[in-house]
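Our numbering applies: residue 131 is where the sequence shown begins, and numbers increase by one.
Honestly, the hints are just simulated from the structure, not real lab data.
The structure displayed is predicted, hence computed values, not measured ones.
Just to be clear, a hint being listed does not mean it is correct.
[As the list claims (entries may be wrong)] Cut-off 25 Å, straight-line C-alpha distance, at most; resulting in silico cross-link-like pairs (SDA-like, lysine to any residue): (1) Lys233 <-> Phe152; (2) Lys700 <-> Met399; (3) Lys665 <-> Thr638; (4) Lys1001 <-> Ser165; (5) Lys770 <-> Asp731; (6) Lys767 <-> Leu563; (7) Lys288 <-> Ala815; (8) Lys377 <-> Met399; (9) Lys845 <-> Asp902; (10) Lys304 <-> Glu730; (11) Lys201 <-> Val999; (12) Lys426 <-> Arg439; (13) Lys492 <-> Glu506; (14) Lys812 <-> Gln835; (15) Lys202 <-> Ser226; (16) Lys769 <-> Glu730; (17) Lys492 <-> Ala696; (18) Lys770 <-> Lys1001; (19) Lys153 <-> Ser226; (20) Lys790 <-> Asp802; (21) Lys304 <-> Lys769; (22) Lys147 <-> Ala281.
[To be verified] Label pairs and their in silico Cβ distance ranges: (23) Ala671 <-> Glu389: 31 to 37 Å; (24) Val720 <-> Lys612: 42 to 48 Å; (25) Thr557 <-> Arg792: 44 to 50 Å; (26) Arg792 <-> Arg536: 31 to 37 Å.
The beta-carbon is built from N, C-alpha and C at its ideal position, and this holds for glycine as well.
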Amino acid sequence: MYLQRLVIQGFKSFANKTTLEFKPGITAIVGPNGSGKSNTADAVRWVLGEQSLKSIRGKKSGDVIFAGSDKKTRLGYCQVDMILNNEDRKAPIDYSEVVITRKMSRDGEGEYYINKNRVRLHDILLLLAKSNFGQRTYSIIGQGTVDAFLAASPTQRKEYFDEAAGVRQFQIKKEQAENKLNLTRENLQQAELLIQEIEPRVRSLTRQVHRLEKREEVLKELKGIQHTYYTGTWNDLQRQHATQDEKFQKTDAARAKLEQDMRATEQEMQELAGGSSRQDRFSELQRRYAEIIAEKNRLLRDQASLKGRIDSARHQSGDVNTVWLERRQEQLTGTQSSLEAAVTAAHTEVTEQQMIVAAAEKKCQTLESDYRTTSERLTAAKDELTTSKAITVPEIATELELIYDRQKTLLEHLQATTTPDDLRSLTAEAQALSSQIAQLRHKVQKSGTGDPLAVMQLQESITTILREKESATHTLTTAQVKLHVAQEKEAMLQGQYGQTKSELETVTKEIERSGQSSDSATSSMQTELKDLQKKVADLDAQLNKINAEFSGFNEQEQAQKEKVFALQQKLHEQQQSLNAITTTLGEIRVELAKLETRQEDLEREMVDELSDEERDAIYATSSKASPQPELFNDIQKLKKQLELIGGIDTQVAEEYQQSKERYDFLTHQSNDLNAAIADLEKIIAELDETIKAQFTKAFEQISKQFTEYFKILFKGGNASLSLVKEELPAPGSEIDDEDAEEAAEDDEDAEEAAEPQPAQKGTGEKVVTGIDIHATPPGKRLRGISMLSGGERAMTSIALLCAIIHNNPSPFVILDEVDAALDESNSLRFASIVERLSSKTQFIIITHNRATMNKARILYGVTMGDDGVSKLLSMNMEQAEKIVNR
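Please put together the full structure from these sequences, using the hints given.
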C-alpha cells in the first residue's frame, strides 16, 4: 500500500486543481522558500482529519481555503483527494484504490468521503489506524517538529510510540469502550435511583394484588364449578325435557292416528247404517212382492169362486167330505206358511239378541279389567302420596338458614381461636355441622314424589269406568231378557208349526185315499182349477223367490248389523285407548310443565350468577355428563370466601401492572447495564492486554534499531530508550482534567517535566505512562538529551524516526525539511539511511538538500508567480538520467 496520487484544489496556495503522482520509493518536492511546497504536507495532514489549525499553520478554519491575491479572487471552498493504492488490501476495505476526500466551504461546513461515500471523521481515523498510519505522528514530520520526539514530555512521546507499535486502533476501540462504560454507568445510576423510588410502591401494590389474585383464583374456581354445575343441571333438564317432549310427540301422534281411525270407523258405520242403494233395492222387492200378492189374491179369488162352483156341484152330487177335507187342507197350508214365517222371524230375533248379549258381556269384561287396572294404579298413587311426605322449598330454605348461621358462628370462633382446646371443640362443632348438612341432603334425596293431580285423574277415570260399566250391565240384562223371550217364542212357534204340519199331512193322505173321480160336470172346472192352482203355484214360487231374497237381504242386514256391532265394539275400544292416551298426554304435559318451571328457575339463577358469554357457553355445550347437585355446597363456600376477601378496586391492578412493568423494565435494564458493564470491562481488559503485549514487543525492537541507527549517524556513541512507569492512583484520587492539562502545559514549558514524577499512592499496579530517551554521542558524557546540540538533537531524532519506520513501516512517510539542520556529511548518511528504508515504505521528502534530491526517483518543483498561486513542475529522474546518458 502506498500513496498513489494527491489532488489539491483551493487548499492554501494551490488555487488551481493540482495533481501529484507518486511511485513507491523516494519522491522529492523542492522549491524556493515561500513557494508553497510545505502546503502539500499540510494538505495530506488536513485530508487525514487534522483538527488542530496550529499543526497546519493556520488560525481559523477559513485559512485553509485560498484567500486570493491581487490578481486572483479568493475561492469559496477547498478540496483535497488522497488516492491510496490498496492492491495488497492493507487497508481493511474491498477496493484496489482508496480515495479519501475532505471538502470544506467558507461557512465552516466540512465533509469527509471514502471512495465518494460520505463518512464520519471517526470512520477515517479508524481506517487509518487499522492501516498503520496517521496524521500527527511519524507518518508526517513537518518543519520544526524534527526534534519533537526529544522536546516532548515522556507522556507525549508515548503517543508517537503507540502509533509506531500499531496499537492505535486498539486504543481507539478502548476509548470507545471506556466512553460507553461511563455512559452505561451513568444510565445504571439513573435506573437504580428510579428503582429505589418505585420499589416501595410496587411492594404495597403487590400485597393488594395478591389479594386480588386470590380473589381471581377463588372466582375462577367458582366459575369453573358453576360452569360444571349449571352445565350438568341444564343439560340434564334439557335431556329430560327432550325425552318427555319426544314421548309427548309420539303419544300425540298415536292419539292423532287413533282419532283418524275412529273417524274412519264412524264413517264406515254411517255408510252401513244409511246406504241409499240398499234401501232402493228393498223398496223394489216390496213393490214386486205387493204386485205378486195382488195377482195371487186375484187368482185365489178366482180359485175360490171356481171351488165354490165345484163344491156346489159336489154338494149337488153328495160328495161333502171331500170338500171339507180340501178346505181344511187349504187352511192348514196357510197356517203352516204363517207359522214358518213366524219361526224364521223368531230365530232371527234370537240370533240378534245373542249377538247383543255377547257384545255386552265383552264390554262388561273389558270395563271390569279397566276398573281393576285403574284401581290398582289409584291405590299405588294414594299409597305413595300418603306414605312419603315431600319436603318443600320453604323447609329447605329454613334448614339452609340455620346451617348458614351455624357456619358463620363457627368461622367467627375459628378466627378467635388461640388454644388447642378451642380448636378441638371447634372440630366437634364442624363435624356436627357436616352431619346436619348430610341430613338435609338425605331429606332432599328421599323427598316424596307423590302427585295429587295424578290421584285425582285416576279417580275421575274410575268414575267414568263405573258409569260405563253400569250402562253396559243394564244393556246386558235387557238383552238377556229379550233373548229369553225370543227363545221361548221360537220354541212355541216351532211346536205349533209341527202340529200344523202333522195335521196337514193327515188331511192330504185322507184326500188321496178318497180317490174319487170327478164327474163330467166338474171336469172342465177341475181343469180350470188346476190351471189356477198352477198359476198360484207359480206366483208362490215367485213369492218364495222374493222371500228368499228378503231372507238374503235380512241375512245381509244381520251381517251388516253384526259388522255394525263389531265396529261399535271397535269404536268403544278405540275410545278407551283414546282416553288412556289422553290421560298419558295429560301426565306428560304435567311433567313438561314441571321441567319448564325448573328450567325457568335455573335460567333466572344463571342470569343472576353468570355473564352472557358464560350462559351462551353453557347453552352451546352438548355435554352428556350427569348433574352434580353436590357442587351446590362448594359454590356456596366459594361465595362465602369471596365475601370474606371483599372487593378490590380494579384500578389497583391496573396501577400495579403499570408500576410492575416499569419496575421489571428498569430491573431488566439494570441487569442488562450491569452485564454490559461487565462485558465492557472485559473488553477493555482484553484490549489492555493486547496493547501491552504489542507495545512491549514493538518497544524492544524500536529501542534496538534506535541504537543501531544512532551509531550509523554518529559513527559511534550509544543511545537507548526506557519506559516510565507509574502506579495507578486509587479510585477517587484522580486529578481533574483541568489540573492534568495545566500539568501537561507545565511539562512542556519546563525541562524537568521530561523526568518521571513520583507516582501517587494507589493500587500498587504500575503502568507505562511515558518514554525516556538516552543518547550519548561518541567522546561525550552527557546527563540528558537537553545537553545535545541542535545538530545532535536533529540526528538523534532522525535515528529514532528511522528506528520506528524500520520496525513498523507506515504506508508512506512525509518529511518536511527534516534534514535542514544537517551538514553535508550527515546529510549523505541520512540520505543513505532513507534510501535503505525506502524498500520498506514510501518517502515523500520536502527538502533543499542535494544529497536527498539525488536519491529521489521523482522530483517535483513548486514555484509561485505574482498571482500568489503555487504551480507544479515534475521530473522523473530515471528518465532524465536516460536522456543525459544518451
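To see whether the hints hold, each was checked on the structure:
1. Lys233 <-> Phe152: This hinted pair holds, its Cα atoms lying about 22 Å apart.
2. Lys700 <-> Met399: 11 Å, holds
3. Lys665 <-> Thr638: 21 Å, holds
4. Lys1001 <-> Ser165: 8 Å, holds
5. Lys770 <-> Asp731: 22 Å, holds
6. Lys767 <-> Leu563: 14 Å, holds
7. Lys288 <-> Ala815: 20 Å, holds
8. Lys377 <-> Met399: The given pair, whose Cα atoms are some 32 Å apart, is violated under the 25 Å limit.
9. Lys845 <-> Asp902: 22 Å, holds
10. Lys304 <-> Glu730: Violated, at roughly 80 Å.
11. Lys201 <-> Val999: 10 Å, holds
12. Lys426 <-> Arg439: Holds. Lys426 to Arg439 sits at ~19 Å (cutoff 25 Å).
13. Lys492 <-> Glu506: 21 Å, holds
14. Lys812 <-> Gln835: Violated - the C-alpha atoms of Gln835 and Lys812 are around 35 Å apart, more than 25 Å.
15. Lys202 <-> Ser226: 38 Å, violated
16. Lys769 <-> Glu730: The hint holds at about 23 Å.
17. Lys492 <-> Ala696: 11 Å, holds
18. Lys770 <-> Lys1001: 103 Å, violated
19. Lys153 <-> Ser226: 16 Å, holds
20. Lys790 <-> Asp802: 18 Å, holds
21. Lys304 <-> Lys769: 66 Å, violated
22. Lys147 <-> Ala281: 37 Å, violated
23. Ala671 <-> Glu389: 31 to 37 Å: The hint (31 to 37 Å, Cβ to Cβ) is violated, given that Ala671 and Glu389 are roughly 52 Å apart.
24. Val720 <-> Lys612: 42 to 48 Å: The hinted range 42 to 48 Å holds for Val720 and Lys612, with Cβ atoms some 46 Å apart.
25. Thr557 <-> Arg792: 44 to 50 Å: 48 Å, holds
26. Arg792 <-> Arg536: 31 to 37 Å: 49 Å, violated
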